[in-house]
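There are 2 protein chains.
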Amino acid sequence: MKKIINHPDAFVDETLEGILLAHPDKLKAVDGNLRAMARTCATKGKAGVITGGGSGHLPTFLGYVGKGMLDACAVGNVFASPSAQVMLKCIKAADQGAGVICLYGNYGGDRMNFEMASELADMEDIKVEHIVVSDDIASAPPENADGRRGVAGLFFAYKIAGAAADLMMSLSEVSEVTRRALDNIRSIGVAVSPCILPQVGFPTFSIGADELEVGMGIHGEPGIETRRMMKADEIAEMMLEKLTAEIHLDKGDRASILVNGLGATPREELYIVYRKAAKILIEKGVEIIDPEIGEFATSMEMAGVSLSLLKLNDEELLRLYKHPASTPFYVKEASR
Amino acid sequence: MKKIINHPDAFVDETLEGILLAHPDKLKAVDGNLRAMARTCATKGKAGVITGGGSGHLPTFLGYVGKGMLDACAVGNVFASPSAQVMLKCIKAADQGAGVICLYGNYGGDRMNFEMASELADMEDIKVEHIVVSDDIASAPPENADGRRGVAGLFFAYKIAGAAADLMMSLSEVSEVTRRALDNIRSIGVAVSPCILPQVGFPTFSIGADELEVGMGIHGEPGIETRRMMKADEIAEMMLEKLTAEIHLDKGDRASILVNGLGATPREELYIVYRKAAKILIEKGVEIIDPEIGEFATSMEMAGVSLSLLKLNDEELLRLYKHPASTPFYVKEASR
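Read top to bottom, the protein sequences are chains C and B. Quick note: the first sequence, position 2, residue 3 per the numbering used here, numbers continuous. Quick note: the second sequence, position 91, residue 92 per the numbering used here, numbers continuous.
Derived from the structure by calculation, the hints contain no laboratory data. Note that the structure is a prediction, hence the values are computed from the model and not measured. We put the CB at the ideal spot given by N, CA and C, even for glycine. Any given hint could be a false lead.
Stated by the list, open to error - One side of the interface only, derived from the structure: several residues of chain B facing chain C at Cβ under 10 Å:
no.	residue
1	Ile20
2	Ala146
3	Gly148
4	Val201
5	Phe206
6	Ala256
7	Val260
8	Pro267
9	Lys280
10	Tyr322
Stated by the list, open to error - In silico PhoX-like cross-links for lysine-lysine, where the CA-CA straight-line distance does not exceed 25 Å:
no.	chain 1	residue 1	chain 2	residue 2
11	C	Lys232	B	Lys3
12	B	Lys27	C	Lys29
13	B	Lys3	C	Lys323
14	B	Lys323	C	Lys29
15	C	Lys45	C	Lys232
16	C	Lys285	B	Lys27
17	C	Lys323	B	Lys243
18	B	Lys280	C	Lys280
19	C	Lys243	B	Lys285
20	B	Lys29	C	Lys27
21	B	Lys45	B	Lys3
22	C	Lys285	B	Lys29
23	C	Lys280	B	Lys29
24	B	Lys280	C	Lys27
25	B	Lys45	B	Lys27
26	B	Lys280	C	Lys323
27	C	Lys285	C	Lys27
28	C	Lys3	B	Lys243
What the hints assert, rightly or not - Counterexamples of contact, computed for chain B against chain C with all Cβ distances above 10 Å:
no.	residue
29	Ser56
30	Arg180
31	Gly264
32	Arg276
33	Glu302
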């Protein structure tokens, strides 16, 4: 095995220990439990925004806990849901009297456990709302959009919800604007090489030597089709075409783009993909707002790229997207 | 080939086009030449600090052009030096009347071309100083330290020099403090899988299935030894031991650590390495200042990790390290 780890069973907790040692100014373990990480600073009366999910996707999910983004994150084992108990700890840590929004990707285990956690929170009189992110257009057709998985578009959702809460909007206002953002967020990705689970030690699926998987999920879920390897421009064009079939972008529209590397793909290649996507949008007359290019939602050492869109015609969404944020893995500077 | 590119010959320029399209507020191509990138803002009378080097190492070198860091960067082909002409463009763009420091890694081609460029600049009456970074302790023994390569420690050097220039220190003051920083910077890395040059399309060297290369360079230069695969803690301990043989760290000392991923290594694994290194230093009574964990100097999709130290007992170095910076690939927030 070529993983730089100690024992596979210690992978998650040792990662979390490292993160806590590196960022003690920003993060704390709730009740000393590494699986329940919260911001060090709290603001009385602020609506809480938390998330949770399996490990192996850094910076998602934990990396976005911090000012202007998330208040806490429940951490599960590799590609596995955190427990409801850990989620409850996060809800309680994030509650400042105004209630808490649980904002997470659409996966069975996460849904079930977050629902259980909110029932437990209810017994402690904490108001909890759920917002499930299902931005991956490759995982189900539009008529079954609720069945789609949550992928890199989670970043955009965290950004908007976190900014709204930071501006002291009420729980229902944060919830409303986040749902509005989700209507404007879509993602799709391609994978060109598999990932390796620490517990297994070798790839659990393969991608042909001259093939790519269109729409593969961040846990290696099957995509919509296997194609012969494509050029970067063709990949960018294909992904953008599928996204804009649902998020229409025309002259005068505004949007942000997120080009996300799945793990092993060099930053150079991500910028080559961005180049083509940006050119197509600029050609159309679309204004691109603060694009992000880098690793935002990974799948260990999987190679590949995903593209996410956030349409920003809405003035309020634009303002929230541009609001500053400061987390261990992402900093949004104040606009000058 | 599983690279997400168009044509290998277009790799560098398309990457640069993408970077320019994504960061037009921060970067501009000098005289329209993509290989000579400079900051959009200039401050009269400020000492210039520029760098240059081959492509394939993002965020190094270009990613650190911006406020509080570098003024310009000359970009070469993959793993190849930029031309003296491009370097001259960068020197001229960075000169605000106070002269320019060329701060770059110790590689034959880069040295030769930067020397040629400074002769050309001399003819235009621009004062140029050279500072060559040779932080990689694995590339030559201490008695031949001048022969060492420059690797991830370049980041620390850029940070200190850029902050000093941003604070309007004179060329000789910036030069002096940067050399002082270099006395306190050392790096070493291990590689566990090779990288692929776009022009070649397959790995040009191999690393055995159960082996790692200690001290391999960021272009795949041979390391000091090939060892059987080690655990993360053993790797961290071994790297730190070699570094602290040269940069002594004892109780009460201060240092920053940079845990750098070479490309394909997941962020989780970098934090596992950081965890062990931090524990050893904390145990010793060393204060760790603003550690950085992520990808800072990569080698395409090589898997592996490097560790760099910057000893910060010196109050001036500490202040400069903590000075804010804003570049496309790195943001240093103002201390609160």
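Here's how the hints hold up against the structure:
{"no.": "1", "hint": "Ile20", "verdict": "5 Å, holds"}
{"no.": "2", "hint": "Ala146", "verdict": "28 Å, violated"}
{"no.": "3", "hint": "Gly148", "verdict": "28 Å, violated"}
{"no.": "4", "hint": "Val201", "verdict": "14 Å, violated"}
{"no.": "5", "hint": "Phe206", "verdict": "15 Å, violated"}
{"no.": "6", "hint": "Ala256", "verdict": "14 Å, violated"}
{"no.": "7", "hint": "Val260", "verdict": "9 Å, holds"}
{"no.": "8", "hint": "Pro267", "verdict": "5 Å, holds"}
{"no.": "9", "hint": "Lys280", "verdict": "7 Å, holds"}
{"no.": "10", "hint": "Tyr322", "verdict": "15 Å, violated"}
{"no.": "11", "hint": "C:Lys232 x B:Lys3", "verdict": "10 Å, holds"}
{"no.": "12", "hint": "B:Lys27 x C:Lys29", "verdict": "34 Å, violated"}
{"no.": "13", "hint": "B:Lys3 x C:Lys323", "verdict": "35 Å, violated"}
{"no.": "14", "hint": "B:Lys323 x C:Lys29", "verdict": "23 Å, holds"}
{"no.": "15", "hint": "C:Lys45 x C:Lys232", "verdict": "51 Å, violated"}
{"no.": "16", "hint": "C:Lys285 x B:Lys27", "verdict": "24 Å, holds"}
{"no.": "17", "hint": "C:Lys323 x B:Lys243", "verdict": "44 Å, violated"}
{"no.": "18", "hint": "B:Lys280 x C:Lys280", "verdict": "47 Å, violated"}
{"no.": "19", "hint": "C:Lys243 x B:Lys285", "verdict": "55 Å, violated"}
{"no.": "20", "hint": "B:Lys29 x C:Lys27", "verdict": "34 Å, violated"}
{"no.": "21", "hint": "B:Lys45 x B:Lys3", "verdict": "47 Å, violated"}
{"no.": "22", "hint": "C:Lys285 x B:Lys29", "verdict": "23 Å, holds"}
{"no.": "23", "hint": "C:Lys280 x B:Lys29", "verdict": "17 Å, holds"}
{"no.": "24", "hint": "B:Lys280 x C:Lys27", "verdict": "19 Å, holds"}
{"no.": "25", "hint": "B:Lys45 x B:Lys27", "verdict": "17 Å, holds"}
{"no.": "26", "hint": "B:Lys280 x C:Lys323", "verdict": "37 Å, violated"}
{"no.": "27", "hint": "C:Lys285 x C:Lys27", "verdict": "41 Å, violated"}
{"no.": "28", "hint": "C:Lys3 x B:Lys243", "verdict": "22 Å, holds"}
{"no.": "29", "hint": "Ser56", "verdict": "7 Å, violated"}
{"no.": "30", "hint": "Arg180", "verdict": "29 Å, holds"}
{"no.": "31", "hint": "Gly264", "verdict": "6 Å, violated"}
{"no.": "32", "hint": "Arg276", "verdict": "3 Å, violated"}
{"no.": "33", "hint": "Glu302", "verdict": "5 Å, violated"}
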